[in-house]
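Participant: Given next are the chains, with one letter for each unit.
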Amino acid sequence: MRWYRSSIGKKVLMAASGLVLLGFVAMHLLGNLLIYQGPDALNAYAKKLRDLGLLLWAARGGLLVALVVHVWTSIALSLENRRARPQRYAVQRTRETTIAARSMLVSGVMVTAYLVYHLLHFTFRVTNPDISHAMDRFGHPDVYAMVVLSFQQPAISIAYIIGMAAVCLHLSHGIGSACQSLGLNDERTIPAVAFIGRLIAVVLFIGYTAIPLSVLAGLVTIRGTLP
Amino acid sequence: MTPLMKTLDSMVPSGPLPQKWERHRLTLKPVAPADRRTYRVIVVGTGLAGASAAATLAESGFSVECFCYQDSARRAHSIAAQGGINAAKNYPKDGDSVERLFADTIKGGDFRSREANVYRLAEVSNAIIDQCVAQGVPFAREYDGYLANRSFGGAKVSRTFYCRGQTGQQLLLGAYQSLMRQVHAGQAAVHARAEMLDLIVVDGRAQGIIVRDLVSGAVTPHAADAVILATGGYSTLFYLSTNAKGCNVTATYRAYKRGAYFANPCLTQIHPTCIPPHGGGQSKLTLMSESLRNDGRVWVPTQPRDMRPPRDIPQAERDYFLERKYPSYGNLAPRDISSRSAKEVCDAGHGVGPGGLGVYLDLSDAIARLGKPVIRERYGNLFQMYEQITGENAYDSPMRIYPAPHYTMGGLWVDYNLMSTIPGLFVIGEANFSDHGANRLGASALMQGLADGYFIVPFTVADYLAGVSPGHGRADARHSALAGVRRSCVADAPEFAEAAGGVEARVKRLLGVRGKKSADAFHRELGRLMWDACGMSRSAEGLTRALARIPALREEFWDDVNVPGEERDFNQALEHAGRVADFLEFAELVCRDALHREESCGGHFRVEHQTPDGEAKRDDERFCYVAAWEHQGEGKPPLLHKEPLVFEHIPLAQRSYK
Amino acid sequence: MKLTLRLWRQRSARDTGRFEQYQVADISPDMSFLEMLDSLNEQLCAERKEPVAFDHDCREGICGMCSLVINGLAHGSDRGVAACQLHMRRFKDGDMITIEPWRAKAFPIIKDLVVDRSAFDRIIQAGGYVSVDTGDAPEANTVPVPKPAAETAMDAAACIGCGACVAACPNASAMLFVAAKVSHLAKLPQGQEERRRRVRSMVEAMDREGFGNCTNHFECMAACPKSIHVTFIARLNREYLKASTRRSSEDIH
Numbered sequence: 027m028r029w030y031r032s033s034i035g036k037k038v039l040m041a042a043s044g045l046v047l048l049g050f051v052a053m054h055l056l057g058n059l060l061i062y063q064g065p066d067a068l069n070a071y072a073k074k075l076r077d078l079g080l081l082l083w084a085a086r087g088g089l090l091v092a093l094v095v096h097v098w099t100s101i102a103l104s105l106e107n108r109r110a111r112p113q114r115y116a117v118q119r120t121r122e123t124t125i126a127a128r129s130m131l132v133s134g135v136m137v138t139a140y141l142v143y144h145l146l147h148f149t150f151r152v153t154n155p156d157i158s159h160a161m162d163r164f165g166h167p168d169v170y171a172m173v174v175l176s177f178q179q180p181a182i183s184i185a186y187i188i189g190m191a192a193v194c195l196h197l198s199h200g201i202g203s204a205c206q207s208l209g210l211n212d213e214r215t216i217p218a219v220a221f222i223g224r225l226i227a228v229v230l231f232i233g234y235t236a237i238p239l240s241v242l243a244g245l246v247t248i249r250g251t252l253p
Numbered sequence: 090m091t092p093l094m095k096t097l098d099s100m101v102p103s104g105p106l107p108q109k110w111e112r113h114r115l116t117l118k119p120v121a122p123a124d125r126r127t128y129r130v131i132v133v134g135t136g137l138a139g140a141s142a143a144a145t146l147a148e149s150g151f152s153v154e155c156f157c158y159q160d161s162a163r164r165a166h167s168i169a170a171q172g173g174i175n176a177a178k179n180y181p182k183d184g185d186s187v188e189r190l191f192a193d194t195i196k197g198g199d200f201r202s203r204e205a206n207v208y209r210l211a212e213v214s215n216a217i218i219d220q221c222v223a224q225g226v227p228f229a230r231e232y233d234g235y236l237a238n239r240s241f242g243g244a245k246v247s248r249t250f251y252c253r254g255q256t257g258q259q260l261l262l263g264a265y266q267s268l269m270r271q272v273h274a275g276q277a278a279v280h281a282r283a284e285m286l287d288l289i290v291v292d293g294r295a296q297g298i299i300v301r302d303l304v305s306g307a308v309t310p311h312a313a314d315a316v317i318l319a320t321g322g323y324s325t326l327f328y329l330s331t332n333a334k335g336c337n338v339t340a341t342y343r344a345y346k347r348g349a350y351f352a353n354p355c356l357t358q359i360h361p362t363c364i365p366p367h368g369g370g371q372s373k374l375t376l377m378s379e380s381l382r383n384d385g386r387v388w389v390p391t392q393p394r395d396m397r398p399p400r401d402i403p404q405a406e407r408d409y410f411l412e413r414k415y416p417s418y419g420n421l422a423p424r425d426i427s428s429r430s431a432k433e434v435c436d437a438g439h440g441v442g443p444g445g446l447g448v449y450l451d452l453s454d455a456i457a458r459l460g461k462p463v464i465r466e467r468y469g470n471l472f473q474m475y476e477q478i479t480g481e482n483a484y485d486s487p488m489r490i491y492p493a494p495h496y497t498m499g500g501l502w503v504d505y506n507l508m509s510t511i512p513g514l515f516v517i518g519e520a521n522f523s524d525h526g527a528n529r530l531g532a533s534a535l536m537q538g539l540a541d542g543y544f545i546v547p548f549t550v551a552d553y554l555a556g557v558s559p560g561h562g563r564a565d566a567r568h569s570a571l572a573g574v575r576r577s578c579v580a581d582a583p584e585f586a587e588a589a590g591g592v593e594a595r596v597k598r599l600l601g602v603r604g605k606k607s608a609d610a611f612h613r614e615l616g617r618l619m620w621d622a623c624g625m626s627r628s629a630e631g632l633t634r635a636l637a638r639i640p641a642l643r644e645e646f647w648d649d650v651n652v653p654g655e656e657r658d659f660n661q662a663l664e665h666a667g668r669v670a671d672f673l674e675f676a677e678l679v680c681r682d683a684l685h686r687e688e689s690c691g692g693h694f695r696v697e698h699q700t701p702d703g704e705a706k707r708d709d710e711r712f713c714y715v716a717a718w719e720h721q722g723e724g725k726p727p728l729l730h731k732e733p734l735v736f737e738h739i740p741l742a743q744r745s746y747k
Numbered sequence: 023m024k025l026t027l028r029l030w031r032q033r034s035a036r037d038t039g040r041f042e043q044y045q046v047a048d049i050s051p052d053m054s055f056l057e058m059l060d061s062l063n064e065q066l067c068a069e070r071k072e073p074v075a076f077d078h079d080c081r082e083g084i085c086g087m088c089s090l091v092i093n094g095l096a097h098g099s100d101r102g103v104a105a106c107q108l109h110m111r112r113f114k115d116g117d118m119i120t121i122e123p124w125r126a127k128a129f130p131i132i133k134d135l136v137v138d139r140s141a142f143d144r145i146i147q148a149g150g151y152v153s154v155d156t157g158d159a160p161e162a163n164t165v166p167v168p169k170p171a172a173e174t175a176m177d178a179a180a181c182i183g184c185g186a187c188v189a190a191c192p193n194a195s196a197m198l199f200v201a202a203k204v205s206h207l208a209k210l211p212q213g214q215e216e217r218r219r220r221v222r223s224m225v226e227a228m229d230r231e232g233f234g235n236c237t238n239h240f241e242c243m244a245a246c247p248k249s250i251h252v253t254f255i256a257r258l259n260r261e262y263l264k265a266s267t268r269r270s271s272e273d274i275h
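Protein chains in written order, with the working numbering: chain A, 27 to 253; chain B, 90 to 747; chain C, 23 to 275.
Don't read these hints as lab results, they were simulated from the structure. Careful, some of the hints might be misleading.
Each computed DSBU-like pair below joins lysine-lysine, with the alpha-carbon atoms no more than 30 Å apart [unchecked claim]:
id	chain 1	residue 1	chain 2	residue 2
1	B	K346	B	K178
2	B	K461	C	K169
3	B	K597	C	K169
4	B	K747	B	K346
5	B	K95	B	K346
6	B	K245	C	K169
7	B	K731	B	K706
8	B	K706	B	K414
9	B	K178	B	K196
10	C	K169	B	K182
11	C	K169	B	K605
12	B	K597	B	K95
13	B	K731	B	K245
14	B	K606	C	K169
15	C	K24	B	K606
16	B	K196	B	K414
17	B	K178	C	K169
18	B	K605	C	K264
19	C	K169	C	K114
20	B	K605	B	K346
21	B	K109	B	K95
22	B	K109	B	K182
23	C	K169	C	K264
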């Protein structure tokens with residue numbers, strides 16, 4: 027049997043692809059935070075990314091592969107796990123597990139749905155064409171305006187905050203779990219790894235949700251950030 | 090014509106004691122490697138003795154079929170041994186040697202064991218440790234990485250190897266894993282949830298067994314060229330004991346009824362350090378490792394019926410009775426002596442806890458001297474177990490302990506080759522009588538089980554097989570789980586059908602009584618009876634009374650037992666009822682043996698035979714022999730045969746632990 | 023104490039099974055949980071009903087035979103003990119107790135609360151041993167084993183094979199069981215020769231038996247009567263990865 031078809035192999039693939047996606051989420055946040063430096067910084071960053079050309083597409087391809095692997099293994103493992111216990115307990119209590127761990131499938135589906143919406147919204151710009159095709163004073167797509175105008179609509183902001191909550195929930199189990207699956211734990215590190223995993227998840231949540239909240243609070247406006 | 094008592098030949102080879110086994114081994118005939126696969130050996134029981142024998146025989150090429158009543162070979166009751174295993178390695182350089190281990194075991198057994206067997210046991214003890222270490226048994230180690238030892242009840246040297254409180258389990262897993270390796274290799278098969286209910290003897294040789302599949306209820310014969318019984322002891326005869334609920338005498342008792350002699354059935358061991366009984370509904374007693382006696386002091390209040398909490402009883406009002414009576418060994422006195430002393434003080438009204446059945450085992454001095462963390466590291470799991478069972482914290486107040494039936498030195502009689510009086514029937518481990526005499530020392534049961542299984546019986550069985558042609562046992566390919574083992578023909582000897590029919594008829598009879606009392610109720614009653622008449626102290630009067638009561642109880646059983654459920658089904662009540670039925674017969678043999686042995690030795694204490702200060706008084710003039718009982722048929726008294734015991738190396742002496 | 027028991031009854035593997043309710047009275051707090059079931063069985067026997075089948079043997083928490091899910095927890099609410107060591111003082115008069123068997127595809131029910139755990143034996147057969155024939159062993163102290171390694175090996179070896187890890191796992195995974203044996207032998211010098219082959223074949227056997235996958239809920243550790251730690255699962259993952267991705271001399275033969 028090829029190792030990646032085994033139960034542990036699939037878990038390893040899931041963990042590795044998850045960590046790749048985590049890396050993307052973290053980098054993405056660093057880019058987003060440029061919004062606090064005003065429209066020019068963010069739009070220039072967006073242009074720089076687009077100018078990468080083939081490299082960008084390679085990165086996108088890599089992320090897509092990671093995503094497919096992550097989703098495929100999660101479906102395969104979930105099906106196997108369901109089959110492993112054909113008859114459920116009438117009463118089942120738990121002692122160690124967390125809500126995050128129990129809801130990985132639900133949070134995973136939510137994250138996927140959010141991802142689709144997010145791509146349609148900002149990348150393919152189909153959900154709100156009215157605000158997503160502006161150009162800035164250098165003739166570049168005005169990402170800054172697109173973000174600010176979007177988040178000024180509470181419905182969109184709320185959708186993003188919910189999406190990020192799902193990501194946070196998913197990661198708060200996922201990061202520690204990935205380390206365990208990759209065999210990186212020992213007796214001393216296990217609580218630390220779980221804690222750091224949750225910390226990263228929370229930091230990402232705060233970082234991401236700060237943006238729509240800042241827009242809604244009027245701290246970030248179409249003209250730039252308030253001093 | 091009345092049958093004649095025979096003097097049994099133990100087949101002990103001649104020559105000087107230290108060379109007997111080595112020389113004997115050279116005379117044992119091997120079987121040609123290519124022929125080994127054609128021989129089938131049945132091993133009943135997968136404890137230390139059974140699993141190690143099965144694995145070793147399979148490794149050497151024989152086809153092995155194992156049977157156990159548990160759901161896996163790994164669960165045999167050897168697993169519960171906590172303390173350790175002895176070996177004469179002399180790693181701590183405290184003067185230990187094969188000779189000393191041999192002498193301690195002979196003396197510990199109160200001169201009722203066979204010198205040559207015990208010497209061999211001491212001799213192979215070191216190889217057991219080597220073997221187990223190579224298998225990956227995680228023995229305790231010192232900081233330098235070498236094996237650690239501790240001292241154990243009844244020994245003045247540190248020769249006990251241990252794996253925390255789980256030595257039995259770890260050694261068994263070593264043997265079980267070796268057996269699983271042979272199953273993987275196709276050399277052995279394990280039939281779990283299968284109980285042997287009869288032995289098949291054809292042409293005077295053991296040639297198979299009758300087995301009831303405990304899941305389907307099907308009764309099937311299994312043929313073989315040799316049968317090894319490794320079915321453990323019968324302490325559950327007393328109902329409450331430290332043994333597992335499933336332990337029973339059925340396999341050895343059935344073999345007895347087929348002609349194997351039963352030796353010294355009355356020699357049973359009552360272990361001193363068990364958690365006292367709590368009363369109603371109690372199903373078993375739990376052992377606390379004897380290792381606690383290394384750091385604990387045993388005492389009772391000097392005032393009878395002193396109800397004060399132990400902490401409030403001043404030192405002057407405590408009787409450290411083991412230290413007082415046996416200043417040399419103190420709290421480490423052998424098990425029989427410690428148990429009897431505890432019973433004496435309790436009988437005199439000094440007992441503590443519910444019903445006055447208990448003495449204190451106090452570790453507070455050790456806690457004060459070494460600190461709680463050290464004690465926790467040494468005995469943490471025991472303290473935890475004690476708290477779980479009693480709800481009391483033993484760090485704050487001393488544990489209460491009371492003796493409980495634990496081990497049976499008696500068993501089927503075997504010669505030096507571990508073969509019973511039925512050719513082809515070998516008996517190993519606790520199931521035989523051989524090595525512990527009248528009292529077993531701590532940490533020597535594991536040693537004996539593995540010595541028999543790894544290093545003795547594989548040679549002697551091979552020697553036996555070399556003298557018979559394979560497939561002689563008319564096997565039945567249908568029931569062989571081993572592919573490729575060709576048997577000459579299906580079990581067509583009438584003995585197979587007769588034995589299977591007998592087992593089925595008995596099962597039907599048990600189910601057919603439809604009385605009012607459960608088998609468990611009868612077992613409880615029998616247990617109480619045996620504990621009173623044939624427990625820690627025995628008298629002619631009590632034994633005679635028991636001998637009158639047992640047949641009546643047996644009759645009541647067959648009139649009034651209620652065994653629910655069906656024959657062809659998973660039926661635990663039926664399993665248990667069959668075992669109780671055998672106990673109801675066997676109990677009589679135990680009492681008869683106890684009555685006939687008019688002396689006190691080791692665990693057998695006859696109140697009529699004691700020294701003025703209450704110690705056991707042996708009678709070497711009249712009883713320096715192994716009593717082996719032969720079944721004479723239903724309703725007839727068994728016939729006593731004697732194997733005289735000769736002590737050439739350790740002069741017969743009254744034991745003294747004072 | 024008086025208690026109401028809601029018990030799983032199932033005639034055989036083919037039967038569908040259902041819960042049945044029973045009342046038991048006169049239960050003393052000093053009784054063990056299994057003694058309470060004994061007393062129910064005595065009662066059923068007196069009423070000429072069939073007793074409840076449940077596995078048990080040593081009743082001191084070491085044989086691994088008992089296998090009850092009590093109020094939704096494998097081996098009941100006390101940590102670090104098997105069901106046989108659970109005592110009735112943990113319950114209150116009038117309590118209702120739900121008792122179910124281990125539930126996993128790889129542990130088919132035989133009857134009532136009794137399941138077939140032979141899958142564990144087959145996993146061990148696949149490689150859970152050191153291949154050393156009797157009599158081939160070198161002197162025991164030839165190879166010293168550092169105390170910490172021996173201690174860790176013992177921590178892992180403490181597994182009693184009861185299957186509570188599978189029963190408690192939301193995915194019915196046997197990872198803790200396999201991890202314990204793999205770690206025990208991988209930690210010792212004696213286990214090195216077959217280290218890679220062992221982990222590969224044991225994991226393969228585990229997958230064949232139809233156990234689920236570990237998704238790191240750590241419920242196994244909470245249910246384990248020997249409190250075996252989930253770091254051994256991380257170690258198993260590591261061992262498996264190393265063994266699968268690197269070729270070694272073991273693969274030649």
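Participant: Is the Cα-Cα distance between B/K706 and B/K414 30 Å or less?
Facilitator: With Cα atoms ~16 Å apart, B/K706 and B/K414 stay inside 30 Å; holds.
Participant: Take the C-alpha atoms of C/K169 and B/K605, compute the straight-line distance between them, and say whether it is at most 30 Å.
Facilitator: Distance ~58 Å between C/K169 and B/K605 Cα, so the pair is violated.
Participant: Taken at face value, is the distance from the CA of C/K169 to the CA of B/K178 at most 30 Å?
Facilitator: With Cα atoms ~20 Å apart, B/K178 and C/K169 stay inside 30 Å; holds.
Participant: Between the alpha carbons of B/K196 and B/K414, is the straight-line distance 30 Å or under?
Facilitator: holds (19 Å)
Participant: Hey, C/K169 versus C/K114, does the alpha-carbon distance stay inside 30 Å?
Facilitator: violated (45 Å)
Participant: Just to be careful, I want the Cα atoms of B/K606 and C/K169 compared with a cutoff of 30 Å; is the pair within it?
Facilitator: violated (55 Å)
Participant: Is the Cα-Cα distance between B/K597 and B/K95 30 Å or less?
Facilitator: Distance of about 37 Å is beyond 30 Å: violated.
Participant: Straight-line Cα separation of B/K109 and B/K182 no greater than 30 Å?
Facilitator: Within the cut-off at roughly 27 Å; holds.
Participant: Holds or violated: are the alpha carbons of C/K24 and B/K606 at most 30 Å from each other?
Facilitator: Satisfied, since the Cα-Cα distance of roughly 23 Å is no more than 30 Å.
Participant: Could you grab the alpha-carbon distance between C/K169 and B/K182 and see if it respects the 30 Å cut-off?
Facilitator: holds (20 Å)
Participant: Holds or violated: B/K95 and B/K346, Cα atoms, limit 30 Å.
Facilitator: At roughly 18 Å apart (the allowed maximum being 30 Å), B/K346 and B/K95 satisfy the hint.
Participant: Is the hinted pair B/K597 and C/K169 satisfied, with a Cα-Cα distance of at most 30 Å?
Facilitator: violated (57 Å)
Checked against the numbered hints above, the structure breaks hints 1, 3, 4, 11, 12, 13, 14, 18, 19 and satisfies the rest.
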